[in-house]
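With the hints as extra help, turn the sequences into a complete structure.
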Amino acid sequence: GQNIDQPTEMTATEGAIVQINCTYQTSGFNGLFWYQQHAGEAPTFLSYNVLDGLEEKGRFSSFLSRSKGYSYLLLKELQMKDSASYLCAVKGGATNKLIFGTGTLLAVQP
Amino acid sequence: GAGVSQTPSNKVTEKGKYVELRCDPISGHTALYWYRQSLGQGPEFLIYFQGTGAADDSGLPNDRFFAVRPEGSVSTLKIQRTERGDSAMYLCASSPSGTKGETQYFGPGTRLLVL
Chain W
1 GQNIDQPTEM
11 TATEGAIVQI
21 NCTYQTSGFN
31 GLFWYQQHAG
41 EAPTFLSYNV
51 LDGLEEKGRF
61 SSFLSRSKGY
71 SYLLLKELQM
81 KDSASYLCAV
91 KGGATNKLIF
101 GTGTLLAVQP
Chain D
1001 GAGVSQTPSN
1011 KVTEKGKYVE
1021 LRCDPISGHT
1031 ALYWYRQSLG
1041 QGPEFLIYFQ
1051 GTGAADDSGL
1061 PNDRFFAVRP
1071 EGSVSTLKIQ
1081 RTERGDSAMY
1091 LCASSPSGTK
1101 GETQYFGPGT
1111 RLLVL
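Going down the list, the protein sequences come from chains W and D.
Letter 59 of the first sequence, counting from 1, is numbered 59 in this note's numbering, and no numbers are missing.
Letter 67 of the second sequence, counting from 1, is numbered 1067 in this note's numbering, and no numbers are missing.
Some hints could be false.
[To be verified] Restricting the straight-line Cα-Cα distance to at most 25 Å, the calculated cross-link-like pairs of lysine-lysine (PhoX-like) are:
# : chain 1 : residue 1 : chain 2 : residue 2
1 : W       : K68       : W       : K57
2 : D       : K1078     : D       : K1017
3 : W       : K76       : W       : K57
4 : W       : K57       : D       : K1017
5 : W       : K68       : D       : K1015
[Claimed, not checked] Chain D is nowhere near these chain W residues, computed Cβ spacing over 12 Å in every case:
#  : residue
6  : Q37
7  : L46
8  : S47
9  : G69
10 : L74
11 : E77
12 : M80
13 : K91
14 : T102
[To be verified] Derived, one-sided and incomplete: chain D residues facing chain W with beta-carbon distance under 8 Å:
#  : residue
15 : Y1033
16 : G1042
17 : A1055
18 : A1088
19 : L1091
20 : G1098
21 : F1106
Since the hints were made in silico from the structure, they are not lab data.
Using N, Cα and C, we set each Cβ at its ideal position, and we do this for glycine too.
Pasting the structure below:
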C-alpha cells in the first residue's frame, strides 16, 4: 500500500526553528515535495527532493533519505505568517500523481 | 503570468443535482491534475490529463465523476447525482509537461457543498 505519515499538529515560537518530519511507504519513488497551505487557500510549492541530502532555500530547508523513507522540512527564524498546514507529498510509481500526507498544522506563537 | 484559475470559487447544490467545476491551467502547461481535499486531510488524487487524454483516472471514486479536457487546455470536472459526501474542496493543478520531477502548481480551488 501507499502511506505517508506526518504529525498532525505542532506549535513553535516566533524566531525559533521547527522541524516537521514525514515518513513514507510508496510503490515507486519519483521525488518528494513539500507544500504550504494557509486555511482556505491552495497549496503553494516550497521544496522538492529526489536525491538524498539537504536542499536549502532561504529560511526553508528540506532533507531526504530514500533508504529510510524519511524527509523533514526545517523552518528557521519563524514568523507569525508561517502558521499554516505543511503537506508532504510523494510522486510515486509510473504516474505523475502526488500522494499527500494529511498535513501538519503549525501554529507559531509570539 | 497568470496562475491556475478555477471557477466557481464556491458552489452550493442540493443532493442529487449535477455540477460542473472548471479549471483553467497555466498557459502552455500540458499536464493537468484534479485533486479533492476534505477538511483536515491532504489532497487526494482524482485524475491526470496529458494533453486531451486522461492518462490516469484511477482516483475517480465512482462513475458519478467524470472529467474532460477537449482542447488540451481548460478542463471540466463533472459530478452527477451529487451526494453529501461529495462536499469538499476540489483543487486543480498543472505542470509544464508532466515529466516526473516537475512541480505541480495549484489553483485556488472550488469549495463544493452538497446540502
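Okay, the hints, checked on the actual structure:
Restraint check for K68(W) and K57(W): satisfied, since their Cα atoms lie roughly 23 Å apart, inside the 25 Å limit. At roughly 11 Å between alpha-carbon atoms, K1078(D) and K1017(D) fall within 25 Å of each other, so this suggested pair holds. Note on K76(W) and K57(W): the hinted pairing holds, with a Cα-Cα distance of about 11 Å set against a maximum of 25 Å. Taking the CA atoms of K57(W) and K1017(D), the gap is about 46 Å. The hint is violated against a cut of 25 Å.
Among the hinted pairs, K68(W) with K1015(D) is inconsistent with the structure: their alpha-carbon atoms are about 45 Å apart, more than 25 Å. Its closest Cβ contact with chain D, about 9 Å, brings Q37(W) to no more than 12 Å, contrary to its assignment away from the interface. The Cβ of L46(W) sits about 10 Å from the closest Cβ of chain D, inside the 12 Å cut-off, so the non-interface label is violated. For S47(W), the condition that its CB be more than 12 Å from all CB atoms of chain D is violated, with the nearest at approximately 10 Å.
Annotated as non-interface, G69(W) keeps its C-beta farther than 12 Å from every C-beta of chain D; the closest such distance is 17 Å. Look at L74(W): its CB is around 19 Å from the nearest CB on chain D, clear of 12 Å, so calling it non-interface holds up. The Cβ of E77(W) lies farther than 12 Å from every Cβ of chain D, with a closest approach of about 24 Å, so its non-interface assignment holds. Interface exclusion of M80(W) from chain D stands, the closest Cβ pair being 22 Å apart, more than 12 Å.
Distance check for K91(W) against chain D: the nearest CB is about 6 Å away, which does not clear 12 Å, and the non-interface claim fails. With a closest Cβ-Cβ approach of about 5 Å to chain D, T102(W) is found to fall inside the 12 Å limit, against its non-interface label. Hint status for Y1033(D) relative to chain W: holds, with the closest Cβ pair at about 7 Å, below 8 Å. Checking G1042(D) against chain W by beta carbon gives a least distance of about 3 Å; that is within 8 Å, so the hint holds.
Given the 8 Å rule on beta carbons, the hint for A1055(D) holds: about 7 Å separates it from the nearest Cβ of chain W. For A1088(D), the interface hint is violated, since its Cβ never comes within 8 Å of a Cβ in chain W; the closest pair sits about 13 Å apart. Interface restraint check: L1091(D) against chain W, minimum CB-CB distance 6 Å, threshold 8 Å, status holds. For G1098(D), the shortest C-beta to C-beta distance to chain W is roughly 5 Å, which falls under 8 Å, so the interface hint holds.
Given the 8 Å rule on beta carbons, the hint for F1106(D) holds: about 4 Å separates it from the nearest Cβ of chain W.
The structure fails hints 4, 5, 6, 7, 8, 13, 14 and 18 (numbered hints given earlier, in ascending order).
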